[in-house]
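Residue numbers (our numbering), protein chains in the order written: chain A, 1 to 108; chain B, 1 to 255; chain C, 1 to 157.
None of the hints are false.
Derived Cβ-Cβ restraints for the label pairs, each shown as a range:
hint : chain 1 : residue 1 : chain 2 : residue 2 : range
1    : B       : E247      : A       : M1        : 26 to 36 angstroms
2    : A       : I5        : B       : E231      : 34 to 44 angstroms
3    : B       : E40       : C       : S86       : 23 to 33 angstroms
Capping the alpha-carbon separation at 27 angstroms, the derived lysine-lysine pairs in DSSO-like fashion look like this:
hint : chain 1 : residue 1 : chain 2 : residue 2
4    : A       : K19       : A       : K61
5    : A       : K6        : B       : K32
6    : A       : K61       : C       : K91
7    : B       : K203      : C       : K77
8    : B       : K116      : A       : K34
9    : B       : K254      : B       : K224
Examples of chain C residues toward chain B, derived with CB under 7 angstroms:
hint : residue
10   : P65
11   : E66
12   : I67
13   : E69
14   : N70
15   : V73
16   : P75
FYI, nobody ran anything at the bench for these hints, they're computed from the structure.
Each residue gets a CB set at the ideal place from its N, CA and C atoms; glycine is no exception.
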Amino acid sequence: MKTLIKIKPKEYKVGEVVKIDFMAMHPMETGMRKNKDTGEIIPAQYINEVNFMFNDQLITKMVIWESLSVNPLFSISFKVPGEGTLKVIAKDNKGQSVETTQQITPKG
Amino acid sequence: MRNLSISAALICLALLSNANAEEKMSMSDADKAMYAEMLENNPADMDVAEGEQLFSGMTTLDAYSKMLGVKEKDLPAYISGFPRYVDAAKKVVTLSQTIQMAAADAGKTVPKLESKEMLKMTAYVKSLANGKKTSIDVKANAQMKEMMKLGQEVFEERRGGRGLSCNSCHSPDIIGQRLRMQPLPDLGVNRAAGTWPAYRMTKSETTLLDKRFQQCMDNALLAKIPLGSREMVGLEVYVTNKTKGNEIQIPGLKR
Amino acid sequence: MERRSFLKSFGAVAAVCSVGLPQIASADEAKKVVGPNEMSYDNAVAAITGGKPVTPSAKVVVSAPEIAENGAVVPVKVTVESPMTSKDYVKAIHVLASKNSNVRCANIYLTPANGEAYFGTRVKLGGTQDVVAIVEMSDGTFLSAKQNVKVTIGGCG
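Please construct the entire structure, taking both the sequences and the accompanying hints into account.
As structure tokens, then:
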């Protein structure tokens with residue numbers, strides 16, 4: 001599972017509220033689509049949990065369902081408390097899991 | 001008299017509801033703005049990032065520039081002029097084809113034009129020219145003139161059982177007419193070539209311009225012109241020229 | 001002869017339209033496909049609120065396009081007016097698609113560390129329907145807002 005974290009704006013100060021955009025390359029299969037060649041139902045495979053942590057403290061917990069688009073986006077706000085490590089852990093219903101980290105370095 | 005006014009009112013109502021129906025078939029500017037905002041979180045960004053890794057695992061920008069006969073600092077401007085005549089190839093080539101040449105030069109496995117690796121690397125290399133304007137020069141030399149002419153022929157040639165050509169849906173005089181509710185785009189104004197490779201929401205995947213041409217041919221029940229063929233390169237030259245001067249923004253985002 | 005030329009011109013139109021006629025997708029018309037997590041709107045709301053009342057509120061804003069040209073990728077943003085302090089904050093934003101087979105899209109559990117109550121994503125909509133946000137406040141009350149999204153099907157694949 002490829003992932004990407006973007007912080008907006010790119011430069012921010014302590015106390016500023018920024019946006020954290022987390023994207024993952026994931027098929028988000030609903031379990032309702034058929035394989036066009038074989039006619040068999042493609043089993044559901046979707047991200048079902050995303051957790052945003054800052055310095056190992058949980059900021060936001062997400063329970064996710066198959067209705068999100070393929071290669072989904074998860075965007076939240078975050079009030080920058082200072083320097084630290086942002087960690088996003090995404091899991092899918094098939095047990096795949098990926099951890100993505102991003103340094104938070106406020107200017108001023 | 002009363003009847004008359006009632007029927008007049010009815011007609012007005014009918015006209016009004018028609019106008020409403022027409023209006024509500026299309027996205028409003030606010031709707032479009034929401035989609036435009038999605039460009040900031042384009043899933044294809046991940047493909048471009050991977051393309052950079054693949055490319056740097058294969059060759060360097062220095063070697064790539066040398067192969068193309070340009071200084072590395074001039075590479076973005078040079079990339080904005082594709083498809084173009086490349087000395088090392090002795091013909092007009094697409095950006096993807098130069099990546100194949102670079103792979104061969106480096107003694108690496110040459111990625112197929114259809115491959116995912118090629119798509120990602122092409123998206124990355126073209127993204128180096130982001131912010132530049134498409135600068136294709138179809139009069140640069142005899143080869144470009146020839147490919148432009150061939151491209152126009154391919155664009156206008158009616159093919160298949162239904163006798164459709166690219167021009168059937170993309171001729172300038174029918175721009176804005178609707179095909180299955182979608183307004184037919186002006187390939188020139190719609191920044192067609194400046195924004196490909198692009199993420200296609202319909203397919204939930206990133207696609208190259210020439211592969212998009214193939215998908216279009218598929219939909220029109222036409223035999224697909226092979227990627228890398230003279231005809232396909234010519235078609236890319238012709239369509240890219242319609243968008244000359246448009247800003248390059250890779251990856252694009254398409255419906 | 002006249003018939004022939006009529007057929008000919010009709011054929012040309014039919015050729016261009018061969019990919020199908022314009023239509024507005026409607027969940028009522030569409031054959032209902034049942035997914036593995038099927039859940040109705042009422043059941044999903046009950047599961048979230050435990051039967052507590054939900055009040056539509058202008059404090060909650062759901063932004064989604066009124067017309068989506070592509071049901072597979074519909075941008076959705078939810079914002080809630082809240083100071084986001086430890087005493088008064090938004091505990092959860094639940095995003096539902098009222099007519100999907102599984103109406104649940106995302107359950108977002110926020111904390112005061114978020115600074116602002118906001119969630120943005122992209123959803124798949126199986127047809128024209130409401131995108132609904134049910135919001136749980138820290139005092140245990142539930143607010144809601146919705147936006148109708150008309151999903152059109154069209155264009156060239």
